[in-house]
Amino acid sequence: MNEFLAMNGHGIYIWTAYGIGFCMLLSLTIWVNTQFKLEKKRIIRLVENDVGEPE
Amino acid sequence: MNQATFSSRFKRWFHQWGSPESFFVKSRFWEIIFGLFGAALLLMSWTWGLFFAPPDYLQGDSFRIIYIHVPTASAALTFYFLMGISSAIFLIWRMKLADHAAASLCIVGGTLTTISLITGSIWGKPTWGTYWQWDARLTSMLILLLLFLGVAMIRQVQSNSDRIRTVACFIAVIGMINLPIIKYSVEWWNTLHQPATLSLSEKPKMHISMLIPLLMGITGMYFFSGYLVIRQTRYHVLKSCRRQGWVKRLVKNGAL
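Going line by line, the protein sequences match chains P and C.
Residues in the first sequence are numbered from 1 upward in steps of one, following the working numbering.
Residues in the second sequence are numbered from 1 upward in steps of one, following the working numbering.
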């Protein structure tokens, strides 16, 4: 297991690159989805409460 | 099918997808397909690349960074090109959906460029002995990131202003000059960066056991980031069409 993680001395570079790339992609995905869901909730609340035309 | 029929069908298809309501409803299905297919391909590519692909004869195991670096770099370049085309469509025909697509492509493309630069820089240390070198490919990719950031920042100033959108789109179109510079930088100048890994006109130099996960990774990255672009464009459509009847209709029918 340790040998696999070490990848002949290149493990630190490989896992850092994949770690940063994966975290950035995941963060972008969460951000995009949260934004969309919040906007949807906001519009649904406005229409269901019949507050009139949403701004 | 004769040319006139094809042309009228294309126009009809273009106008149907150009309508915010039609796009919002129709893209829902494609968004799910793109997301699932892209995530599955990326997972397979990274598992294959990290666990099963043989080490490179020259670079050893560090070459495995290729499976995240090349797909993100390739998608970043394509997304800038698409952002430029969408911006041009907005500037010429004032189609709002094109502007929403350009705004979404900017955020996703900017993130992909950042990942590509960071992973490339990390790969550079064991391969070249340095994290950064001001060579033509690296510098032109950094300029691409600055273009994405610049367009995103201009849009943040006042996202509802038509004038701001026009300026952002104009800069995006002008910035397309950088794309051929990035593509051919490794041929025009002596660079530390290696020439293109894959080419449409040449037989691949990689062994098939390394090539298949790379192709899967590139396809997966296009589909997954395509999903993010569609999702973000749907958000922009929803935000800008709050006042319109079709949004209320969707809410009342429980279809939002």
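Some hints could be false.
What the hints assert, rightly or not - With a cut-off of at most 30 Å between alpha-carbon atoms, the simulated DSSO-like pairs for lysine-lysine come out as follows:
1) P:Lys40 x C:Lys205
2) P:Lys41 x C:Lys96
3) C:Lys26 x C:Lys183
4) P:Lys37 x C:Lys239
5) C:Lys252 x P:Lys41
6) C:Lys125 x C:Lys96
7) C:Lys183 x P:Lys40
8) P:Lys40 x C:Lys203
9) P:Lys37 x C:Lys26
10) C:Lys248 x P:Lys40
11) C:Lys96 x P:Lys40
12) P:Lys37 x C:Lys96
If you're looking for bench data, these hints aren't it; they were derived computationally from the structure.
Need the list of violated hint numbers for this structure, in ascending order. 1, 3, 6, 7, 8
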